[in-house]
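Trainee: For chain V, the structure is supplied; the task is to place chain R on it using the hints.
Chains as they are written, first to last, in numbering that gives the first Met the number 0: chain V, 0 to 449; chain R, 0 to 449.
These are calculated hints, taken from the structure and not from any lab test.
You may find that some hints are simply not true.
Said to hold, decoys possible - Restraint-style ranges between C-beta atoms, simulated for each label pair:
(1) R:E249 with V:E177: 38 to 46 Å
(2) V:K85 with R:I392: 49 to 57 Å
(3) V:V99 with R:N287: 38 to 46 Å
(4) V:S289 with R:T102: 51 to 59 Å
(5) R:D91 with V:E346: 32 to 40 Å
Unchecked claim - In silico DSSO-like pairs for lysine-lysine, Cα to Cα no more than 30 Å straight-line:
(6) V:K272 with R:K144
(7) R:K408 with V:K22
(8) V:K193 with R:K29
(9) R:K227 with V:K193
(10) V:K331 with V:K265
(11) R:K408 with V:K16
(12) R:K172 with V:K399
(13) R:K144 with V:K172
(14) V:K388 with R:K56
Don't be surprised by glycine CBs; every beta carbon is placed ideally from N, CA and C.
Number of protein chains: 2
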Amino acid sequence: MRISDIYASTSTDYETKIKGWIKSVRSMKKTIFFDVSDGSTFRNIQVVAEKNANSAKIDYGSSVEISGKLTKAPSGQLEIQSNDIKIIGSCDVTQGYPFVPRTKYEPQELREYLHFRPRTTSFSSMLRIRDRTSQYIHDFFHEEKFTGIHTPVLTSNDCEGAGEIFTVLPESKEIIKEMQKENKTETEAFFDSKAFLTVSGQFHLEVMARALNNVYSFGPVFRAENSKSRFHLSEFYMAEAEVAFLNRMEDLFILIEKLVKYVTRKVLNHHDKEISNYRKLLSLPYVNFSKIVDQPYTVMNLEDACAVLERNGMPAFEGRHLSKEHELFLVKYNNGVPIFLIDWPQENKPFYVKVDSTTNKAAAVDLLFPEVGELCGGSLREDNYDLLKQKLIESDLLAKLNWYLDLRKFGNIPTGGFGMGFERYLKVLMGTPNIKDTVPFPRWPHSCLL
Amino acid sequence: MRISDIYASTSTDYETKIKGWIKSVRSMKKTIFFDVSDGSTFRNIQVVAEKNANSAKIDYGSSVEISGKLTKAPSGQLEIQSNDIKIIGSCDVTQGYPFVPRTKYEPQELREYLHFRPRTTSFSSMLRIRDRTSQYIHDFFHEEKFTGIHTPVLTSNDCEGAGEIFTVLPESKEIIKEMQKENKTETEAFFDSKAFLTVSGQFHLEVMARALNNVYSFGPVFRAENSKSRFHLSEFYMAEAEVAFLNRMEDLFILIEKLVKYVTRKVLNHHDKEISNYRKLLSLPYVNFSKIVDQPYTVMNLEDACAVLERNGMPAFEGRHLSKEHELFLVKYNNGVPIFLIDWPQENKPFYVKVDSTTNKAAAVDLLFPEVGELCGGSLREDNYDLLKQKLIESDLLAKLNWYLDLRKFGNIPTGGFGMGFERYLKVLMGTPNIKDTVPFPRWPHSCLL
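Isolated chain V (complex conformation) (with noise of 0.2 Å):
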């Protein structure tokens, strides 16, 4: 029986038997108690078992088999009054278990041992509540009518501008012998071409929703940048959308604010109190998550958000730069609740980004969130053939993006969408301070362990 049906169920003085393993040991002069994790819920089942033999054995980190009656304790609490305890592998720390009972462990202690962080309760919360964050993301797009789509993490496009990129090739150097082509260098031995890792599925995506409809991805995306920032990583994951037939940037806005609310939403009526108790283990101060789940996003352009910064002796850097401390203060003057930042220069966003008529300025946005700063950027992209390719011209890039070009030449149609980092969306729900440990196994610079 897992303990999260124990916890279910209203039910008691039943025999059961739950497997897991031990988190602490009260003993007393004939009883001893201890409380099992076996990882289905953040909250431990208390055992009560007679002292023996064997009780020395009953050791923290332990993995143990429990039978016994579920029982319920005067003061409400339930437990298991067992006599019989199997214990499955035993947890020597003075052989090198690198944590100890009723012992508090920095964030960044517990990164040196990933293979054991995971049974830390607060760490095992972050991963049950990211894979059901992971879900509902899923739901959403489904119940919106999206159609997923593997992008490929494996690309030959290295022009998005995205930051820096990493390029794959194989380790064995016979396989490069073997395949290079006489005018082929050893990076492009195995593909014919250079490969990297994707930085964004965008391109993907606009090819799909010129077939598919509306699309979206939730995958893996990489940067090799040497950043050491609390809100980087150098493999990520990134829910993305593409929208066909979109034309409006409040379009645009309406969808990313109801995925946002719609995810929050479901987390919060699912796991509140999972929430809290990671919050409290991490003593991290309450949030109010109202701002972001009952409030209508605030729209703002860039210049007023730019007279905004200047006049609280913050500008912005030249042309119109905006750093983490410049979100993150929008946000608070915004008194917490999103911005969607809009108008912005062109020469600020990359060359994919329509250009609106009327304004001559980039049809992109960026959502500010407490906590974070940039959580989704998107755009309306440039359908105009003509105008795209005098782009591509410009940056050197068309013989790369004649695909992406023919795009708009063949049952063209305006399209937009936006990515959300799903880490950082983490890192608000959890209040988690470093980025770092909102991922099961994270990587960056000058680490990569397991």
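Mentor: Chain R in isolation, oriented as in the chain V frame:
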């Protein structure tokens, strides 16, 4: 309105508006008939319009917006009678569009135009069903109370012995120079260690099963193999599961069979018409899925399997190695019913597979399937600390995999798990001759388009 909604409803004789792409045109003296697809379903809807000056632009491949009245023709066929047709994007086949009306293309021709391939009826069906099938896999594991884990794409672990592996490094020489420490090579510069693309999430799931109980992953894995086969890709999806407290091979069979049957039933219940249509378009034979969804799968030991092969004039290779042909023959011999092939010699299976102490065989299983041969591979994992340590020493892997060995040292539990090749499963389901045609953007030796 989506075409799928039109077909889902029983009402007619209302005004509607659709947007989509023209699939075929039949021009009469006074009227023009054409079929429109909008990607929401494999079914087109017929539009009837009176001919006018604009009609010449109603062209194969163009994107259109149609307003008109939905009616039911005497034949029962739904059609839209429209006198309001807007061409959104034209499609001039003389300008280089690779497809012309009423022409059948070979799969390898379509693969040269990955950016237009999704517009074919058959491939868009593949993509929709791929999405739904992915969701059924998530649904199955969630219903069975598994927690989904995003196992990493980047890993420093290169030693699972599952074939050739890709290495990753930053494209930018400056980043490498900036980050490279004194005692590190260029490929170690970014992460302080070599980083590879994952070939399996198994080891990472073994970490998780020892904290969260049953876990699964569903995501991309990679092989740098120079294979020309119809069954292999360089990037493909695997559904992998790791079951906590698992002692018996039989429990693994039950889980695998339950997964495959659950997903197959869901797909057949919801998408049988689309699959039939796909098979018709590709002139593929009808398949009797009752062998897969209704019959109990066969458990066969390798010795018996080899005897069958020998009797039928196709002996297994030295060391009891089976080829694809051997696998397919066995399933055929078994009347098309899938086979759990067990009792493998230790030397045929990787170091992490548990050895059965009574038979001295590897506690591993291959699930053999019609059309693809091996669909799943699974095993009990060696959970004995001393035996595993011995094997790691013999394979010279102890230094690299000390963390993996440590999982057996502290709070250890028995686990077992399996992986299912998702594209192979789709290949069976849809009957697709080449696995490259089950993936939105296939990557294989000498090809990484877009």
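Trainee: Hint by hint, say whether it matches the structure.
Mentor: For each hint, the structure was consulted:
Under the hint 38 to 46 Å, the C-beta atoms of E249 of chain R and E177 of chain V, about 43 Å apart, fit the expected range. At about 30 Å, the beta-carbon gap between K85 of chain V and I392 of chain R misses the expected band of 49 to 57 Å. Distance hint for V99 of chain V and N287 of chain R: a CB-CB separation of about 60 Å, inconsistent with the stated range 38 to 46 Å. Remark: the range hint 51 to 59 Å for S289 of chain V to T102 of chain R is upheld by a beta-carbon distance near 58 Å.
Against the hinted window of 32 to 40 Å, the Cβ-Cβ separation of D91 of chain R and E346 of chain V comes to about 34 Å, which satisfies the hint. For the given pair, K272 of chain V sits about 19 Å from K144 of chain R by alpha-carbon distance, which is consistent with the 30 Å threshold. Between K408 of chain R and K22 of chain V, the direct Cα distance comes to roughly 17 Å. Compliance with the 30 Å bound is thereby established for this hinted pair. Distance hint between K193 of chain V and K29 of chain R is unfulfilled; the C-alpha atoms sit about 54 Å from each other, more than 30 Å.
For the hint pairing K227 of chain R with K193 of chain V, the CA-to-CA distance comes to about 20 Å; that is within 30 Å, so the pair holds. This hinted pair checks out: K331 of chain V and K265 of chain V have alpha carbons roughly 25 Å apart, not beyond 30 Å. A threshold of 30 Å between alpha carbons decides the hint, and for K408 of chain R with K16 of chain V the separation of about 24 Å falls inside it, so the pair holds. Taking the CA atoms of K172 of chain R and K399 of chain V, the gap is about 21 Å. The hint holds against a cut of 30 Å.
Restraint check: the Cα-Cα separation between K144 of chain R and K172 of chain V comes to about 43 Å, which exceeds 30 Å; the hinted pair is violated. Taking the CA atoms of K388 of chain V and K56 of chain R, the gap is near 24 Å; set against the 30 Å cutoff, the hint holds.
Consistency note: the structure conflicts with the earlier hints numbered 2, 3, 8, 13.
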